[in-house]
Amino acid sequence: PELVEQLHSPPPHGASLVFACQLGQQEDGVHPSMLRPIMPFQSRPEDLAMAHDGTFFMRFEDWMQVYSHVLLRHQLNGWSRMRLEGSWMSHTCGGTPIPVMQPVLATLDSWARNPQCLLSLEADFDVELCVTLHQFDARLNSASPFPFEDQLRQIFLCIMHMDGSERLTVFDKKRIVRHNGASAATPLSQRRSVLLQTQLKSPGRYAIVPSIWEPELPKGSQVPFVLTLHLNCDAEKFFVEASEAEGWGANAKK
18 PELVEQLHSP PPHGASLVFA CQLGQQEDGV HPSMLRPIMP FQSRPEDLAM
68 AHDGTFFMRF EDWMQVYSHV LLRHQLNGWS RMRLEGSWMS HTCGGTPIPV
118 MQPVLATLDS WARNPQCLLS LEADFDVELC VTLHQFDARL NSASPFPFED
168 QLRQIFLCIM HMDGSERLTV FDKKRIVRHN GASAATPLSQ RRSVLLQTQL
218 KSPGRYAIVP SIWEPELPKG SQVPFVLTLH LNCDAEKFFV EASEAEGWGA
268 NAKK
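Using our numbering, the letters of the sequence shown map in sequence onto residues 18 to 271.
Heads up, a few of these hints could be off.
[Stated by the list, open to error] List time: in silico PhoX-like cross-link candidates among lysine-lysine, alpha-carbon distance up to 20 Å:
| # | residue 1 | residue 2 |
| --- | --- | --- |
| 1 | 218 | 254 |
| 2 | 190 | 218 |
| 3 | 218 | 191 |
Hints were generated in silico from the structure; no laboratory data involved.
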C-alpha cells in the first residue's frame with residue numbers, strides 16, 4: 018500500500034491532529050489524483066458539503082505539489098475558545114483600504130461596514146489571543162480548478178484598539194494593536210484561512226475586523242466566513258459582541 022497523509026483542518030469542535038496512515042490501492046492498482054478532499058465516511062449523501070468535517074487523504078506526491086508547510090494543531094489546555102460564523106453581504110462588506118494592490122477600491126470610511134467582533138477583556142493580566150479567519154473550502158466545488166482562484170477571495174484580518182463602547186467608524190492604522198513591534202494585522206491573502214497571533218492588554222476593549230478586498234458585493238450575494246478565537250484566560254474573563262445586523266450568525270459558541 019502507498020503511504021499517504023491524513024490531514025485534518027480545524028473542526029467545529031475538539032482538537033485536530035496530523036496522522037500517518039495507509040491507503041490500499043484500487044482494483045486496477047492505480048490511485049486517482051487526490052488534490053481534492055475525499056468526503057468523510059460519516060457524511061450523509063444528501064448533504065455532503067455541509068457534513069464535511071475537514072478530513073481528507075492525499076498522496077504524498079500531490080501534497081508536495083500543493084503545500085510548503087505543515088501546521089500541527091493541538092488542544093490548548095487552559096485556553097478558552099469561541100467560534101463565530103459570519104457573512105459579507107452587500108450591506109456588511111466594506112473592503113480593505115490598504116495599498117497592496119492598485120487601484121485601491123475601498124475607502125477608510127467604507128471599511129467600517131465590515132463585520133466587527135467587539136472583544137472586552139477583564140483579566141488582571143495580559144491575554145494572548147490567536148484568531149483564525151476561514152473562508153469556504155474551495156476544494157469542495159468540483160467545477161473549480163486548482164489553485165481555486167476563482168473561488169477564493171483576498172481576505173484580511175486586523176485587531177484594533179477601541180476607546181469606548183461604540184463600533185469603529187473609519188479605518189485608522191494607528192489603532193492597530195502592536196506587540197513586540199509586530200502589527201496585529203495579516204497580509205492580504207488569497208487563501209482559505211489566515212492566522213493572527215498577538216498579546217492584548219487587559220482590561221481593554223478591541224475590535225476584530227475581517228474583510229475582503231472588494232468594498233461592494235452584488236445585492237443578494239453572500240460570502241460566508243468563520244472566525245475562531247483562542248484566548249489564554251477563563252471564559253468569564255472576556256466578552257464578545259457580534260451583531261446579527263452586521264452579518265454575524267446567532268450561533269456564537271464558547
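Results for each hint:
Distance check on the hinted pair: residue 218 and residue 254 sit about 13 Å apart at the alpha-carbon level, within 20 Å; holds. This hinted pair checks out: residue 190 and residue 218 have alpha carbons roughly 18 Å apart, not beyond 20 Å. For the hint linking residue 218 to residue 191, the alpha-carbon distance of about 16 Å falls within 20 Å, and the restraint holds.
Checked against the numbered hints given earlier, this structure breaks none of them.
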